[in-house]
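J.: Top to bottom, those sequences are chains W and Z.
When we follow the working numbering, the leftmost residue of the first sequence carries the number 1, and every step to the right adds one.
When we follow the working numbering, the leftmost residue of the second sequence carries the number 255, and every step to the right adds one.
Treat the hints as calculated values from the structure; they're not laboratory data.
Mixed in with the good hints there might be a few duds.
Stated by the list, open to error - Each computed EDC-like pair below joins lysine to aspartate or glutamate, with the alpha-carbon atoms no more than 20 Å apart:
| id | chain 1 | residue 1 | chain 2 | residue 2 |
| --- | --- | --- | --- | --- |
| 1 | Z | Lys369 | Z | Glu384 |
| 2 | W | Lys216 | W | Asp235 |
| 3 | W | Lys204 | Z | Glu461 |
| 4 | Z | Lys458 | W | Asp206 |
| 5 | Z | Lys493 | W | Glu222 |
| 6 | W | Lys216 | W | Asp206 |
| 7 | Z | Lys493 | W | Asp206 |
| 8 | W | Lys239 | Z | Glu476 |
| 9 | W | Lys239 | Z | Glu447 |
Owing to the predicted nature of the structure, the values given are computational and were not obtained by experimental measurement.
So the chains spell out like this:
2 protein chains.
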Amino acid sequence: MSGTDHSAALDWQGPGPVMVLVRPQMGENIGAAARGMWNFGLDRLRLVTPRDGWPNERAVAMASGAGRVLDHVIVAEDLPGAIGDLNFVFATTARGRELTKEVFTPESAMVLARKLIADGQSVGVMFGPERSGLENEDVARANASISVPVNPAFGSLNLAQCVLLMGYEWRKSAGVVADAMELGRTRFAERVEVEKLVEHLMLKLDEARFFFPEAKAPGMRENLRNMFGRLPLSDADVKALHGVFRALAREKGQ
Amino acid sequence: MSGTDHSAALDWQGPGPVMVLVRPQMGENIGAAARGMWNFGLDRLRLVTPRDGWPNERAVAMASGAGRVLDHVIVAEDLPGAIGDLNFVFATTARGRELTKEVFTPESAMVLARKLIADGQSVGVMFGPERSGLENEDVARANASISVPVNPAFGSLNLAQCVLLMGYEWRKSAGVVADAMELGRTRFAERVEVEKLVEHLMLKLDEARFFFPEAKAPGMRENLRNMFGRLPLSDADVKALHGVFRALAREKGQ
């Protein structure tokens, strides 16, 4: 996102959480998950017994542009083998479980993940197979769960969407993403420039006998002054508006 | 998500922001966008001249389970027609623009949207065509932009993913207390009111031969349209500016 300076200041290079796809079925979804990860700077992907084996052409085709994530995939023969070296693992779950487990939102999970990783620990997030989700046996191996707050009447996030949301929250947890005013090559006008603009307008409106009747004139002036004082005008806007006022008020026939 | 108690306490029924897909190309993406919306309780979708017409079988097939979103789609022949009745419109943009426009994160945009909607105002989010995104001409009609903080080395969110993230943040914003937007006794002008104001100004400026030289005219028009599109104008502001333009352009001696 070249237009926003704040991106450049962020560390896109440091380690992030490992995404662990448990018994994924379709190669397309693995590829789409890789894209979702790399969109937010995550590049550590592990697979537990992918149904169609590995490597998978469809995954590669779908991942276009995020191939580097697939290049470094680790494939494990079982879940313990995939997460054994991690310090803290979340299980994404789509519905209530009988298991007693702390349930995090994606946001708070990624905030915790960032804290743990900053402490030198390694973190993973497990995702179940497309149709059935994680088994209780899988979830039992996790430190905690993550549950996405979906519509109770229609909760149908697919695998890649769920990975995408984790990547998104991981990125946000960096904490320095702020709103920005995109001003192109301009800047906010100084107050004195706005003041002069209002004076210009008042003069032209006086000439046009706009402030009428007399009794209402002070209120009309105040309203206009307040409007232009409040609007987020750039210096380019002010310049353009001077031109507009001048053009509109020009003697006809000149 | 039955596993999380907080869901039940939330209002899934109230109105949410309108998602506006501008010149979408593939039906599959329209269907996927509908799913992404309904996952988070959003059900108001509008389309501006979808490439393959409407209704679209592929959209319906892809939307399975979220068909109610498609059942109530509104198709418009142009962007002004699609957003005319809305009070505040965001444009999703993937990169820096020359246009001066406040840029929100998805999170802060949806927090603001929730506040405005709670005040009885209507809010929209515009998304561009799959390949190219919104044109500057489209963005100029928005009050503000939304930019997703993606990896500078790989920003490739697709249309449905982008819609999904807005839905997700809309849903999350239910739990957030936002700063108040103080509008006094007024409300944001509807977009059609801003559109008419700009048309009024353009007409008067044409009469005043403002757009000169010819080669620069399109850029000058776009800049003015963007300025008025971006400024937080209330309905009272719009009324006052009509009066100002009329007064300034009045024949001298009248």
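J.: Hint by hint, note whether the structure agrees.
T.: Right, here's what the structure says about each hint:
1. Z:Lys369 <-> Z:Glu384: Distance of about 30 Å is beyond 20 Å: violated.
2. W:Lys216 <-> W:Asp235: At roughly 31 Å apart (the allowed maximum being 20 Å), aspartate 235 of chain W and lysine 216 of chain W break the hint.
3. W:Lys204 <-> Z:Glu461: The hint holds at about 18 Å.
4. Z:Lys458 <-> W:Asp206: At roughly 19 Å apart (the allowed maximum being 20 Å), aspartate 206 of chain W and lysine 458 of chain Z satisfy the hint.
5. Z:Lys493 <-> W:Glu222: Satisfied, since the Cα-Cα distance of roughly 15 Å is no more than 20 Å.
6. W:Lys216 <-> W:Asp206: holds (14 Å)
7. Z:Lys493 <-> W:Asp206: Holds, at about 18 Å.
8. W:Lys239 <-> Z:Glu476: OK: lysine 239 of chain W and glutamate 476 of chain Z at ~15 Å, within 20 Å.
9. W:Lys239 <-> Z:Glu447: This hinted pair is violated, its Cα atoms lying about 24 Å apart.
The structure shown violates the earlier hints numbered 1, 2 and 9.
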